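Trainee: Here the protein sequences line up with chains B and Z, keeping their order.
Numbering follows the working numbering, with no gaps: position 85 of the first sequence is 85.
Numbering follows the working numbering, with no gaps: position 187 of the second sequence is 187.
Think of the hints as simulated: they come from the structure by calculation, not from any bench.
Warning: the hint list may mix true and false statements.
Note: identical chains are not told apart, hence a pair may lie in one copy or across any two.
Said to hold, decoys possible - With a cut-off of at most 35 Å between alpha-carbon atoms, the simulated DSBU-like pairs for lysine-lysine come out as follows:
1. K209 - K77
2. K86 - K51
3. K86 - K137
4. K77 - K180
5. K180 - K209
6. K103 - K51
7. K137 - K77
8. K86 - K209
9. K122 - K180
10. K51 - K209
11. K137 - K209
12. K180 - K86
None of the values given here were measured: they were computed from a predicted structure.
Number of protein chains: 2
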Amino acid sequence: MLKTEKIPEAAITRLSVYSRHLNYLEQSGVTTVSSQDISDGMDGSSAQVRKDLAYFGEFGTRGVGYDVRDLNRNLKKILGLSHSLKVVIVGAGNLGAALSQYKGFLDRGFSILAAFDRDMSKAGGSLNQIPIYPMYKLDEFVRQNQVDIGVVAVPAASAQETVDILVRAGVRGILNFAPKAVTTPNEVELRNVDLSVNMEILSFYLGLKELRAGEAEAQE
Amino acid sequence: MLKTEKIPEAAITRLSVYSRHLNYLEQSGVTTVSSQDISDGMDGSSAQVRKDLAYFGEFGTRGVGYDVRDLNRNLKKILGLSHSLKVVIVGAGNLGAALSQYKGFLDRGFSILAAFDRDMSKAGGSLNQIPIYPMYKLDEFVRQNQVDIGVVAVPAASAQETVDILVRAGVRGILNFAPKAVTTPNEVELRNVDLSVNMEILSFYLGLKELRAGEAEAQE
Numbered sequence: 001m002l003k004t005e006k007i008p009e010a011a012i013t014r015l016s017v018y019s020r021h022l023n024y025l026e027q028s029g030v031t032t033v034s035s036q037d038i039s040d041g042m043d044g045s046s047a048q049v050r051k052d053l054a055y056f057g058e059f060g061t062r063g064v065g066y067d068v069r070d071l072n073r074n075l076k077k078i079l080g081l082s083h084s085l086k087v088v089i090v091g092a093g094n095l096g097a098a099l100s101q102y103k104g105f106l107d108r109g110f111s112i113l114a115a116f117d118r119d120m121s122k123a124g125g126s127l128n129q130i131p132i133y134p135m136y137k138l139d140e141f142v143r144q145n146q147v148d149i150g151v152v153a154v155p156a157a158s159a160q161e162t163v164d165i166l167v168r169a170g171v172r173g174i175l176n177f178a179p180k181a182v183t184t185p186n187e188v189e190l191r192n193v194d195l196s197v198n199m200e201i202l203s204f205y206l207g208l209k210e211l212r213a214g215e216a217e218a219q220e
Numbered sequence: 001m002l003k004t005e006k007i008p009e010a011a012i013t014r015l016s017v018y019s020r021h022l023n024y025l026e027q028s029g030v031t032t033v034s035s036q037d038i039s040d041g042m043d044g045s046s047a048q049v050r051k052d053l054a055y056f057g058e059f060g061t062r063g064v065g066y067d068v069r070d071l072n073r074n075l076k077k078i079l080g081l082s083h084s085l086k087v088v089i090v091g092a093g094n095l096g097a098a099l100s101q102y103k104g105f106l107d108r109g110f111s112i113l114a115a116f117d118r119d120m121s122k123a124g125g126s127l128n129q130i131p132i133y134p135m136y137k138l139d140e141f142v143r144q145n146q147v148d149i150g151v152v153a154v155p156a157a158s159a160q161e162t163v164d165i166l167v168r169a170g171v172r173g174i175l176n177f178a179p180k181a182v183t184t185p186n187e188v189e190l191r192n193v194d195l196s197v198n199m200e201i202l203s204f205y206l207g208l209k210e211l212r213a214g215e216a217e218a219q220e
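Model the full structure from these sequences, guided by the hints.
Mentor: Take a look at the structure:
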């Protein structure tokens, strides 16, 4: 069994990035790569790549490298991407629309079945070829289609309520983009994605740079 | 000096979440909180809160707790939010539109000055009251307005090119939402935000749950 308790989430994030890079290499006709090739163009080092992969088994051949197709198939399996996951998007505003056509989702085999919106005038329409249904049909649709993942792109005020509907209808995971943390019962996996956190981390590092520049000047 | 080398990025992410929670408490008229109050409704524990805050100094009073306003002012200062940062959004499609009105950004004092798009028919229009200019004006605008941060919401294929323009024009940080990792010179802070990574982390945990359920069954 995988000692998955010990795997840092950052490693999973990197696996996802490696896998996308391997996709690109595969499409470019590359058949064998080194850990250095995998780390090229990313923040990590080749040692990091080897360490991350080692969590999940032995993949490469010493002195030869990794078989691109084989490694990528394994990574996709680890990432739960070997079969397509069924997704609905709740909220057909700008964010929902952006997510519905986000190349990163579509390329990776997530199957977006439908979008839902409280605005009845949007129902019957479509979002980048994904049908939009009225909100009251969400529960029934999720049950009938055995939807795996609900993507929440509604305003903060209705985020938890939306999550509760999805949970009752039986989704296994929730990806919440509303700028408000929500909760789910333990059996439903949850990722709160607050887009502004990234902006604030950036802002933190900008402040740090200023601070250091100031200190360097003071020491001169 | 802050021993910032040692501060894990996850702690900064949490500070950002704490600060938003403190905003909410402040608006609700709460004046004093415990670390338990701060951790309520989030994934962390009160011990985690204390540890995260300890990276940056001593804030609370033992047995009394934290002064909400004071602590939040300190957190905002740490996060570089005590003065407003000037932001432009490049790409006025769905994602750019979603980001331009993302409550998380606006609430936190980021000032979005303008959006830019290659599509000349969008120029002259506006995105949630933010003016849209043609792409060729990006360089000049960033220089004249001393823009701090460029948010990149263009298709993958033009992401690096957009980043290069922003860097040459003098931004201090880049937040890249295009589903393709870009690079910047060392002096320009960069955050690549791949929205699909979150989906894949979710999918990983769903796979893990299946695996464990399978193992539990096999053991029965």
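Trainee: At most 35 Å between alpha carbons: which applies to K137 and K77, within, between, both or neither?
Mentor: Within. Shortest intra-copy distance 32 Å satisfies the 35 Å Cα cut-off; inter-copy 45 Å does not.
Trainee: If the cutoff is 35 Å on CA atoms, where do K122 and K180 land: within, between, both or neither? Let me know, please.
Mentor: Both, since 24 Å and 31 Å are each at most 35 Å.
Trainee: Have a look at K180 and K86 and pick one of within, between, both or neither, based on CA distance no larger than 35 Å.
Mentor: both (24 Å within a copy, 24 Å between copies)
Trainee: For the identical chains here, do K209 and K77 meet the 35 Å Cα criterion within one copy, between copies, both, or neither?
Mentor: between (40 Å within a copy, 14 Å between copies)
Trainee: Please sort K77 with K180 into within, between, both or neither, judging by C-alpha distance up to 35 Å.
Mentor: Both. Shortest intra-copy (31 Å) and inter-copy (22 Å) distances satisfy the 35 Å Cα cut-off.
Trainee: When no copy is named, should K51 and K209 be tagged within, between, both, or neither for a Cα gap of at most 35 Å?
Mentor: Answer is both: 30 Å inside a copy and 23 Å across each meet the 35 Å cutoff.
Trainee: Pop the pair K86 and K51 into one bin, within, between, both or neither, using alpha-carbon distances up to 35 Å.
Mentor: Within one copy, since 31 Å is at most 35 Å while 39 Å is not.
Trainee: Within, between, both or neither: how does the pair K103, K51 come out at a Cα-Cα threshold of 35 Å?
Mentor: within (29 Å within a copy, 39 Å between copies)
Trainee: Go through the copies and call it for K137 and K209: within, between, both or neither, with a Cα cutoff of 35 Å.
Mentor: between (50 Å within a copy, 28 Å between copies)
Trainee: Within a copy, between copies, both or neither: which one fits K180 and K209 at a CA-CA cutoff of 35 Å?
Mentor: Intra 29 Å, inter 26 Å, cutoff 35 Å: intra and inter.
Trainee: When no copy is named, should K86 and K137 be tagged within, between, both, or neither for a Cα gap of at most 35 Å?
Mentor: Classified as within: same-chain Cα gap 17 Å, cross-chain 42 Å, threshold 35 Å.
Trainee: Is it within, between, both or neither when you check K86 against K209 at 35 Å Cα-Cα?
Mentor: Between copies only: 17 Å across, 43 Å inside.
Going down the numbered hints, you'll see the structure goes against none, and every one checks out.
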